[in-house]
Amino acid sequence: SQKIEQNSEALNIQEGKTATLTCNYTNYSPAYLQWYRQDPGRGPVFLLLIRENEKEKRKERLKVTFDTTLKQSLFHITASQPADSATYLCALGDDSSYKLIFGSGTRLLVRP
Amino acid sequence: GAGVSQTPSNKVTEKGKYVELRCDPISGHTALYWYRQSLGQGPEFLIYFQGTGAADDSGLPNDRFFAVRPEGSVSTLKIQRTERGDSAVYLCASSSTVGNEQFFGPGTRLTVL
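In the order they appear, the protein sequences are chains V and P.
For reference, each letter of the first sequence is one residue, going 44 to 155 in the numbering used here.
For reference, each letter of the second sequence is one residue, going -7 to 105 in the numbering used here.
The hints are simulated quantities; they were obtained by calculation from the structure and are not laboratory data.
Check each hint, because a few of them may be wrong.
Claimed, not checked - Derived list of chain P stretches under chain V, where covered just means 3 residues or more per stretch with a C-beta under 8 Å from a C-beta of chain V: (1) 19 to 32; (2) 67 to 75; (3) 78 to 91; (4) 95 to 101.
No residue lacks a Cβ here, since even glycine has one placed at the ideal position from N, Cα and C.
Let's have the full structure, built from the sequences with the hints guiding it.
What follows is the structure, given as structure tokens:
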């Protein structure tokens, strides 16, 4: 069955540094991958979508890469701020069913 | 509306009871999704609608779970004979069409005693 792995340990970094979060998957060939941010007690908020034919996408301080050979996506937040502290979820989808399969998320803590 | 809304925000019920959870999607969004999220886990897909019809209900865990969207907007997730294992946050999301970014509601926290 499809499996998505995100680092279950929290990532703790200093303000101003670049945060890099990893999403690995197996037994799946997604057509696209999405990243969401989730704060405690809230629903996930969409950040970026990258399709299988795209290598990299950027939005302000965010950058996502998608390597279909390695079956991996990297999510970067540059010049991180304490307000970036949250749980980040990756989700995979395909054009046949459109449902999203989520990873368990990685918690990011940015220290001032 | 401004965003996806879900009611109630919290629901406490006793084992064996019936519950209904409501989702109001963003106006005009044709696709609507239900997910379930347990503590420390990502959302788990349950069902999605394209318009009024359930396009994929493969995530519903068993026949105690049922969802409807009779007029293509508001959706209700219905759980019969609730069990303690049904306790979770139930999230609803909508999108302008399938495959696009999904906009999530705040969720309904269901607790089955």
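_Which numbered hints fail_ = The structure conflicts with hint 2 only, although it agrees with all the remaining ones.
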